[in-house]
Amino acid sequence: MRVSLDWLAEFIDLPPADTLVERLTLSGFDDVEIHTSGPDLSALRVGRVIERAQHPNADRLSVCRVDIASGDPIEVVCGAPNVAADQKIAFAPVGTRLPDGTLLKRAKIRGVASSGMICSARELGLGDDHEGILVLDGDLEVGVPLSEVIAAGGRELEVTITPNRGDEASLIGLAREVRALFGGELRTPEAEPAEAGPAADETVRIEIEAPDDCHRYVARVVRGVRVEPSPEWVVAKLAASGVRAINNVVDVTNLVLLEFGQPLHAFDLAKLRGGVVKVRRAEMGEKLSTLDGETRELTAEDLVIADEQRPIALAGVIGGANTEVGDSTTDVLIESAHFHPTRIRLAARRHGLSTEASYRFERCVDRDGIERAANRAARLLAELAGGVVALGAVTAEGSPADATEEIRFPTPRANKLLGTSLTSEQMSELLERVGVQSRETSADELLCSIPSYRNDLHIHQDLTEEVARIYGYDRIPTTDPAGVLRGGRVPQGWRVADGARDALVAAGLVECQTLPFISPSWLDSLGLEADSPLRNGLRLANPIRDDEPLLRTTLLPSLLRLVHQNRSRQVDRVDVFELGRLFRQSTGGGTWGEGLPLERQGLAAVLTGREEPGLWEAPPAPLFFRAKGIAKKLLSQLSYVAWFPGDGVPPYLRPGAAAVIEVAGVAIGALGELHPDVARNFELDVGCAVIELDLAELLSLPQQEGRYREVSRQPSVRRDLAVVIDVEQAAEEVLEAVRKAAGRDLISAELFDRYAGQGVPEGRVSLAFRLVFQRSDRTLKDEEVTKSIDRVVRMLAHRFNGELR
Amino acid sequence: MPVGVDNLERLESDALREVAEATGLQALIEVRARYLGKKGSVAQVLRGIGTLSSEERARVGQEANATKQRIESVVAERRAGLERQARDRTLESERLDITLPGVEEPRLGSLHPITRVFRDMVDFFSSMGFAIEEGPEVETEYHNFEALNLPAEHPARDEHDTFYVEGGNVLRTHTSNVQIRTMTGRTPPFRFIAPGRVYRHDSSPRHSPMFHQIEGFLVDEDVTFADLKGVLHAFGRHLMGGEIDLRFRANDFPFTEPSAEMDYACLLCERQGCAVCSQTGWIEWGGCGMIHPRVLENCGIDSDRYQGFAFGMGVDRTAILRFGLPHIRLLFDGDLQVLGQI
Chain A
0 MRVSLDWLAE FIDLPPADTL VERLTLSGFD DVEIHTSGPD LSALRVGRVI ERAQHPNADR
60 LSVCRVDIAS GDPIEVVCGA PNVAADQKIA FAPVGTRLPD GTLLKRAKIR GVASSGMICS
120 ARELGLGDDH EGILVLDGDL EVGVPLSEVI AAGGRELEVT ITPNRGDEAS LIGLAREVRA
180 LFGGELRTPE AEPAEAGPAA DETVRIEIEA PDDCHRYVAR VVRGVRVEPS PEWVVAKLAA
240 SGVRAINNVV DVTNLVLLEF GQPLHAFDLA KLRGGVVKVR RAEMGEKLST LDGETRELTA
300 EDLVIADEQR PIALAGVIGG ANTEVGDSTT DVLIESAHFH PTRIRLAARR HGLSTEASYR
360 FERCVDRDGI ERAANRAARL LAELAGGVVA LGAVTAEGSP ADATEEIRFP TPRANKLLGT
420 SLTSEQMSEL LERVGVQSRE TSADELLCSI PSYRNDLHIH QDLTEEVARI YGYDRIPTTD
480 PAGVLRGGRV PQGWRVADGA RDALVAAGLV ECQTLPFISP SWLDSLGLEA DSPLRNGLRL
540 ANPIRDDEPL LRTTLLPSLL RLVHQNRSRQ VDRVDVFELG RLFRQSTGGG TWGEGLPLER
600 QGLAAVLTGR EEPGLWEAPP APLFFRAKGI AKKLLSQLSY VAWFPGDGVP PYLRPGAAAV
660 IEVAGVAIGA LGELHPDVAR NFELDVGCAV IELDLAELLS LPQQEGRYRE VSRQPSVRRD
720 LAVVIDVEQA AEEVLEAVRK AAGRDLISAE LFDRYAGQGV PEGRVSLAFR LVFQRSDRTL
780 KDEEVTKSID RVVRMLAHRF NGELR
Chain B
0 MPVGVDNLER LESDALREVA EATGLQALIE VRARYLGKKG SVAQVLRGIG TLSSEERARV
60 GQEANATKQR IESVVAERRA GLERQARDRT LESERLDITL PGVEEPRLGS LHPITRVFRD
120 MVDFFSSMGF AIEEGPEVET EYHNFEALNL PAEHPARDEH DTFYVEGGNV LRTHTSNVQI
180 RTMTGRTPPF RFIAPGRVYR HDSSPRHSPM FHQIEGFLVD EDVTFADLKG VLHAFGRHLM
240 GGEIDLRFRA NDFPFTEPSA EMDYACLLCE RQGCAVCSQT GWIEWGGCGM IHPRVLENCG
300 IDSDRYQGFA FGMGVDRTAI LRFGLPHIRL LFDGDLQVLG QI
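Chains as they are written, first to last, in numbering that gives the first Met the number 0: chain A, 0 to 804; chain B, 0 to 341.
Don't take every hint at face value.
Said to hold, decoys possible - Covered by chain B, according to a simulated footprint, are these stretches of chain A (three or more residues, beta-carbon under 8 Å):
hint : stretch
1    : 487–496
2    : 587–597
3    : 716–722
4    : 776–784
Stated by the list, open to error - Just a sample of chain A residues kept apart from chain B, beta carbon distances all over 10 Å, derived:
hint : residue
5    : ALA193
6    : SER240
7    : LYS286
8    : THR329
9    : GLU661
10   : ALA755
Quick caveat, the hints were computed from the structure, so don't treat them as lab data. Note that CB positions come from ideal geometry on N, CA and C, so glycine has one too.
Next comes chain A alone, as it looks inside the complex:
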């Protein structure tokens, strides 16, 4: 809402601007600003023409020397016929941005250098006069900023009104708020018109056929108007509020809308058929051409104003072209009505049209102000358009509006809610300031009468807010809450997510967040099967980008795109991860209940590693093993024991370099190198490995925390063993067999080297194991260990065709 401050001052005396802005801000308005309308003239200076000379190469141009009281006189070329020596003029130095946006530069005009400009009124944005330069008052001091000597427009107050306070969307509403904060006397414009001629109800009758949608309808008839442009003061007031002047009749309805917040509409009475105004629901498929040039198809949900034959307005939203007031109009019907807010809101939404009228009806108008607004408009029409106001208003009533007229206000409850100790008298006074009259019915209760324009006050807590607002939130004490102390529980899912983040950061990965919107084509790029569950995404009805309408079912595409972007920004190492919700349609109940989708916390990481090892760095391990190590460490930090079998890996991973992540026999994710086709689809120029984990699933699985085992003080015996086996043989299986064969004195066995090449036959590989034996009750004898090793060697030969190396 934007209004001229001078206009507001006609309604109530205003405090200084700073105070006004601050108090309005604290009392419930958002984005309160007072600004000066009109062009910014602060860079221009008052100048004096010292001398005017004829331009050597152009008859119509002159060369002037101008004094602006800084430095040497400035030489400019001027095209205006009226420029003369000794004039005070508006001077724009080089570097000034003129109100029309042009930046003034040094120029050479017909061979003469010109460093600035002597401006016309139009160039200053002050009017249309461009016949010559603007000549200023001769007494002005040279060199002062032009903005200090020319009032280029008035000051405007701009506020954002919260949705509950439709009553503030008017000058009277703002003035009432100013009165609540600062006191003072409200001055309301005269509304009573002088009436003459035949009574209005002889010309027209009103029929409300949809009484629940229209609580009250008031019409006034003004005859013999002359439609013409409004006087300057009307145009200026409207312009300050961003309303374009059209003609005096329409302008009057807009002016009164701004004054009282009551939307009005003017119909050309001559075009009204059958002498009747009906308020009814539209018929399905009925059409109405509206004032914005659209033809709208109506439904039975739309409320229309109609005459005997056809709709003439979409009630509360916009008028119809068929009864539009134009130059030939002489008799006018002014509508002032009280429509049901929801009906208007739905219509405005359905037709995609928010107007000054619908905005106010949606927020509910002053039910007692309907007639006054009609009268005020009639009076102004008589005044500005020379009309004669017909005798009496024509009114009709629908069902009464839901209205809260009285509220019982338990004052101790207000104090209990706020933490204050205000007396009933104080509260009563504070309420009085917002127009709520009250009387004490008992020591603990005020009976409050709610003004007809305050449609937001229904329960005693609403009045508590009014008390607090006017009293000042800053004056309410600041205290610490009391109560029973209970531990602040952190859910397991939160802990696991945080643990996973810490593990990945420790492994060198950077946490990212991406938007959860994806394109179906990205799923194609992953090479998913047609029946993949990852294709069961949810679709947004109104996505930000039409080609990314799905909610993600996997984190991977967004992360791969992120890798691509970083690579194209020449980032060497892209090791990233993300945690986020994944969404899938659910056939049964959703994660969070009936009618909702599956929504699970997922984790994904992508590793590219560095291409070349840096200082002190060993050559990087193959990406698969980096990913596997990270996944294992992550899970073991979270107290889960993980296995990595090779069967059933997703199609976007490289066959033979991928594994499923399994905890307690349940697949909870996958890891591996990205399939080369997928890498190509995402335009990745480096090898990538990915890790995917279903964190939600993980939560349901058993954790295995470490437990104490007795520590042996007896000496241990270490034996290393290298065996050559077939290269296809899975090392993990061999290691397991070694563990079993070594017997119960074995306390650890690890694979510490793998070698193929010179000395090892083609198709074979050498695995080196380190076995450690120890007993807790005594020192092991050498023969005992040797016996165990022999057993292992025999087993290797027999089962794996292994030869000692």
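Add chain B to chain A, keeping to what the hints say.
Same frame as chain A, now just chain B:
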């Protein structure tokens, strides 16, 4: 060689000189062998004392042993000195260029700024006894709007710029849905926070369609607006690391009554007005108020007996101010050149 104490004296002084002149360990070993070895000078003296009288023999023998010991101790001293010199030379020659980078194995990654700010916030509220609750991001209109006193026809819904999911449901526009899910079917007292992700259909350059909020609510029999101010002041001090200036502005939210917006005084310009606070001196922090009785009733809670406060604030703004990011979109661009700095 004539045997006598005089000889021993000369022998000793020669030995001491040679020890002092020995420039390396090897030379020292040779000097020692020459004087103290089995065939060394002292041994020869001792071997020759057989010819002396028993009285003389005892005197020279004693003196020879003393001489031997003195030379031995000087040799030991010299040896220690030479060894120290040798070690110092080695250390000097093996000096490192300590300006070379240390090994960060593996190089540390980094948490997302939002994660870091959330942790900070959760720390505070956990210590105050608030428990964490979560809720769905795809939510029913009932939980996101209606139960919060925001029916379909309410004009305040316009401000929510909602994403609609085909076939029903919305992307939650705030974390307040968690209030409904947490309170329904339970009995106060409640002391909860709900950190999470929310969505608004806003693609203007200074906004992001995805952002983060933290919701908090406390319901009991006597919780007041004054308590709300107290908790938020304490939270503000924790978050900004010192005294802060908060202000509460009246506002309208359908789910609270009374309602307030809160601002904190801009820490950069100290309320003088700067680009960060859009010249106002204040930075918007969030909304808060006393939970609307209808919301409590919607959750099956007796609003005559219980009352409480709720607040919700954006997290992203706090994060970008804390890390000096110029705008929110950098949080979700995934540019490692940006995130890697933090």
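- What hint numbers does the structure not satisfy? Failing hints, ascending: 3, 4.
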